[in-house]
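S.K.: Residue strings, one per chain:
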Amino acid sequence: MIETYKNKSNEINYFILIAVLLGLVLILFTSSIFLGTTSISLKKTLSAILALEGLYLTIIIELRLPRAILALFMGAALGISGAALQGLLRNPLAEPGLIGVSGASALGSVIVFYTGLSVSYSFALPVGGMTGAALSILLLYFLAGKDPSILKLILAGVAINTLTGAFTVLALNLSPNPYAAYEVFFWLLGSLENTSVDHVFLAAPCICVGFIILATTGRGLDALTLGEDVARSLGVGLRKLQARIILGTALCVGASVSVAGVVGFVGLIVPHILRPAVGHSPRRLLIVSGLGGAALTLAADILVRFIATGQGLQLGVLTALLGAPFFILLVFKLREDN
Amino acid sequence: MRTYLTLASKVLLASFFALVISSNNFVLAKSKQKIPQRIVSTNLCVDQLVLSLANKEQILSVSYLSADKTISFFSERVEGLQKNRGWVEEIFMMKPDLVIVNEDSSRPSLRHLKKLGLNVLSLKTANNFSELKKNIKKVSRVVGDTGKAKLIISNLESKLRLEIGNDYSPLAAILLPRGMTAGEGSLINELVVSAGFKNLALDLKIGRQARINLEEILIARPDFILTPEASTKFPSLAQSMLLHPVFETTRAKNYRWKHLEVPEWAWLCGGLQNIYALDLLKKARLKFSGRVDQHD
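Residue numbers (this note's numbering), protein chains in the order written: chain A, 1 to 338; chain B, 1 to 296.
Excised from the complex, chain A in its bound form (with noise of 0.2 angstroms):
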């Protein structure tokens, strides 16, 4: 009796924080429309809109618009992926940026863009940073184990870390452009800077089927936190779910990387700040990951256009500075529980 009317108010925290979530999402998405690189007038910007026609709107259009769906897309492709990660692998630091699934992605990316392949086949871009990104989780899968310990994890995530970054600059050095070679900043530091509606058509569809591949993994995610044993008697097929979760993850964050570069930390920050508002459920965990990481991206995107203007500050650079102190004191909280 009191059990069933527990599960029932923490079904309704659950809603109610997926609805403030949904809030904020819609008001930093109309924020980052709103607020460009360059100040146009809230009136002006109302009404090119209204009217339908200018070269406002077109700049909104064709330079606001897709600036914001990407971050969207992306900040919830990767909270949700961070958030399925972190179920499979029983592990908060299983972040796609921390064990290389990103970096991998990047790495990917770069291939298939400098050698000119992305220039005759547009999609051939995300789906290099997809390859990448299920290679290096298959790779994960072979340095760490299926049941890795922290130490493991980390320690599997600098070595394919290294290795992807060093592929990525040689990569890069070996392009024939003279400019490749100084490029590897926005790879491994992405931004969504200059981005079009070209790069929203290759990465929002990948990201979506990704997105629902990982949303429904949840009932899997949950019987694992009893134990293997426990959630093959209750009828959860492991391969199946590793299959599913790598899958949708490389979807995601192949994506997302391919077309905005490595963009860390959010996988790490979202599920971590919301793991006790869903009660420590991995199921509930996915979906509030994926609109807390389309927030925190949203906002973070706004924030860059703000500080040292002049230079274009790369988005990665900001995540990776709020991340990084989650990291540190994730950190010292796993060594207190050890």
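Simulated from the structure, these hints should not be mistaken for lab results.
Heads up, some of the hints might be wrong.
[Stated by the list, open to error] In the DSSO-like style, the derived pairs of lysine-lysine whose C-alpha atoms are separated by at most 30 angstroms in a straight line are:
| id | chain 1 | residue 1 | chain 2 | residue 2 |
| --- | --- | --- | --- | --- |
| 1 | B | Lys205 | A | Lys43 |
| 2 | B | Lys198 | B | Lys159 |
| 3 | A | Lys44 | B | Lys159 |
| 4 | B | Lys282 | B | Lys133 |
| 5 | A | Lys44 | B | Lys253 |
Given the coordinates of chain A, assemble chain B onto it according to the supplied hints.
M.R.: Then chain B, alone, in the frame of chain A:
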């Protein structure tokens, strides 16, 4: 069509260049022992000066960038020359009798080269025509040239002279790779202004080399957007922003701005190749002013 035009102008420039070369061949023969015969140049812009002022037989090596035809006017002329990456060891092993470097891009190796007892000439980056003139004269003096420098300078000077009269000066937004623009105190700015344009970067009070974003450009409603040609064979992000679809959209919607592609080899470095950039810019401006007059 435009490729042919580019080709034709390149041929014209080249024939002018051939004339310049023949003019002082006989002078060289007289005092051969003093003139350096193993010149190594380590910077793209320095290469361009050396290649236009010294005879090819005098040059041992140029920077690897000079073989790239998108950024180097002399890409064909450097065939057969050694390409260097500006490493001290490799330069030393070439046993050069003159090394010419850019002071701003290779300060540490400059120190090492001098320590090794090599004969080094260091040039400052030319950010305007008077600095370029100084560099041309410096290089001309050390490579034993007598006539070419004068010819190049007088030709550039006559092209730089502004003859706008009462013509309308179109507003030009310069968009370079990596989202940079060329403002006050840059060679590109001087070329663009000399060709009779107003430079948006000056209105926005942007420094010599600063970032400009696409919104700023579009809101200013320029008459021209000047960009280099972007390589599509081996793409880079730096250049991909020059191909942002917003340019096509705004043009399709009848905003009266023109896109003019200036090849990078014509304005990235100072030298006689700037004549091509100036001609291209002036032609575009005249055509545009004519159109404006007809309409008004």
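S.K.: Take a quick look at whether Lys44(A) and Lys253(B) sit within 30 angstroms of each other, Cα to Cα.
M.R.: Holds: Lys44(A) and Lys253(B) sit about 19 angstroms apart, inside 30 angstroms.
S.K.: Under the criterion that the straight-line Cα-Cα distance not exceed 30 angstroms, is the pair Lys282(B), Lys133(B) satisfied?
M.R.: Status holds; Cα separation ~22 angstroms.
S.K.: Straight-line Cα separation of Lys205(B) and Lys43(A) no greater than 30 angstroms?
M.R.: holds (26 angstroms)
S.K.: Decide if the proposed pair is consistent with the structure: Lys44(A) and Lys159(B), CA atoms, cutoff 30 angstroms inclusive.
M.R.: Given pair Lys44(A), Lys159(B) is violated - Cα atoms ~43 angstroms apart, limit 30 angstroms.
S.K.: Between Lys198(B) and Lys159(B), is the straight-line Cα distance small enough, at 30 angstroms or below?
M.R.: holds (18 angstroms)
When held up to the earlier numbered hints, the structure conflicts with hint 3 and nothing else.
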